[in-house]
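A.B. asks: Given next are the chains, with one letter for each unit.
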Amino acid sequence: MKITRKDVEHVALLSRLEMGEAESEKFTGQLNAILDYVEVLNKVDTTGIEPTAHVLPLKNIMRPDETRPSLPRDLALANAPEQEDGYFKVPKIMEG
Amino acid sequence: MKYETVIGLEVHTELKTESKIFCGCSTRFGAEQNTNVCPVCLGLPGVLPVLNEKVVEFAIRTGLALNCTIAPFSKFDRKNYYYPDLPKNFQTSQYDLPIAINGYLDIAVNGETKRIGITRVHMEEDAGKLVHAGTIAKSDYALVDYNRTGVPLLEIVSEPDIRSPEEAKAYLEKLKTILQYIDVSDCKMEEGSLRCDANISLRPAGSTKLGTKTEIKNLNSFRSVQRGLEYEVLRQTEVLEEGGRIIQETRSWDENRGITVSLRSKEHAHDYRYFPEPDLIPIVTDEKRIQAIRESLPELPDARKARLMRDYGLSGYDAEVITASRAMADFFDAAVSLGSDPKATANWLMGDMSRMLNAAGLSVEEAPVTPAKLAGLLALISKGTISGKIAKTVFEQMWETGKDAETIVTEQGMVQISDEGAIIAVIDAVIAANPQSVADYRAGKEQALGFLVGQVMKQTKGRANPQLANKLLKERI
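Residue numbers (the working numbering), protein chains in the order written: chain A, 1 to 96; chain B, 97 to 573.
All the given hints hold, so there is nothing to weed out.
Part of the chain B face toward chain A, derived, beta carbon under 7 Å:
1) GLU114
2) SER115
3) ASN130
4) VAL133
5) VAL146
6) LEU147
7) ASN148
8) GLU149
9) LYS150
10) TYR178
11) LEU239
12) ASP241
13) PRO372
Here are the simulated DSS-like cross-link-like pairs (lysine-lysine), alpha carbons at most 25 Å apart as the crow flies:
14) B/LYS98 <-> B/LYS210
15) B/LYS439 <-> B/LYS479
16) B/LYS175 <-> A/LYS89
17) A/LYS6 <-> A/LYS26
18) A/LYS92 <-> B/LYS313
19) A/LYS59 <-> B/LYS384
20) B/LYS175 <-> A/LYS6
21) A/LYS2 <-> B/LYS175
22) B/LYS175 <-> B/LYS112
23) B/LYS439 <-> B/LYS499
24) B/LYS554 <-> B/LYS488
25) A/LYS89 <-> B/LYS184
26) B/LYS225 <-> A/LYS92
27) A/LYS92 <-> B/LYS184
28) B/LYS541 <-> B/LYS554
29) B/LYS541 <-> B/LYS570
30) A/LYS89 <-> B/LYS225
31) B/LYS175 <-> A/LYS59
32) B/LYS479 <-> B/LYS554
33) B/LYS175 <-> A/LYS92
34) B/LYS210 <-> B/LYS305
Hints are computed from structural coordinates only; laboratory data are not their basis.
None of the values given here were measured: they were computed from a predicted structure.
Beta carbons are placed, not taken as given, at the ideal position from N, Cα and C, and that holds for glycine.
Working from the sequences, and respecting the hints, build out all of it.
C.D. replies: Take a look at the structure:
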């Protein structure tokens, strides 16, 4: 499967990333190189093998339903580029 | 042309756990903004989510109550989308291996039972809340509160088996009743702990091919589910009648304007690029665990309704109303176990009790009249101490004062007069004062007797035993 410029631009749009033509050209090449590299896996016969959900041989790792202290709010907001009145402040959301 | 409506519902319900699904933050509703957040639910780099075991238990309970098959092997996936209510830029959800599949629930429509298939039940995390400064259109930024991020949700998806807006409402009400019976969710639509989206399409009657559907969002009350879908049936019918085509899109129900409006998003709707969540470990559930949870389920609404009809001779309608809320059904069972007549109990619950609850905006559990107190009132009626009419006054006073029926009746001398001599004295006075009515009755006008009985009741302030008054009056005329 080949990744096209259109795929890259589509994923960039979904990820809200802005990129120029040169960049999307570069990423198309890089992503294809990665896919070519793992292409070798397609040579393995996987008939009758269940898809892997997780690489570790573990199951049912859970915690009891108990609360723990949350972060103090000023700490929670410490890395926010912008904040207001205890909220994270984000750019206007464009819908439609 | 005649069209058939095809509806499938997606319901999201918040689970009533103490802590969030993948971290120890509290799930409490109404906390100050961004005070129930931590590195895990804020999606900070390098954190590891750990699944809350209660969420899995609640999900299995729900799956079993909805007659689903519980997956022996289940896992979480990442659903990728970029929106500021989601700090991680993906929602941890379940994709191809949900915890429960292939169930159903039965609804009653026009007195008939109809089975609606449940496609799947899966676990996921809730998103945060956006607060807009001013109106959405005018503000140039939004504020985000992540307290709700990571609150456990179940998404319950129905088959497209629903054929009308009324059925959709009945389905949602039944689902809510079941979720409340099994005690996994508060189901408060006004607080957003039960939310509903609908897929709806039309097709020519008799056709088996599905038409193009629209997805309706923002159906946040039982009323808006029905109204929103009724509107959409009309809108789609009109488009088709005019020879147009339905566009597959997401529309939002606008409660104030009573219409659905298109939400054309730039995002390609179903491009979520799901992949397995590598930070969470698969869930393996064996038959023993499923059996243990199955045995812990309470009697469910359908079974309870059948029992009330079978054991107490309640009508289908009465049993349905009583069992629609677990608290009401518990109240009924408690009062009956204290010796109250089942039918009388049902009548009081559906009548005066419901009226007072509605007027006061209270839930059954908050009622000042407890099962024991209602049983006390009903005992006074069946013993003949008070009449049914006086009982209504006593009930209202019990509600207001919290006193029991016996105390009120004694304090206020409301005891029914069953002493023949006392009633006869009143009757003779009434006969003497109303010669015309007496003459009318003697001339064969039956309704004149009703008037005279009424006069006797009035003279005794409703305390005369009505049957006795009736009988004695006939004898005296």
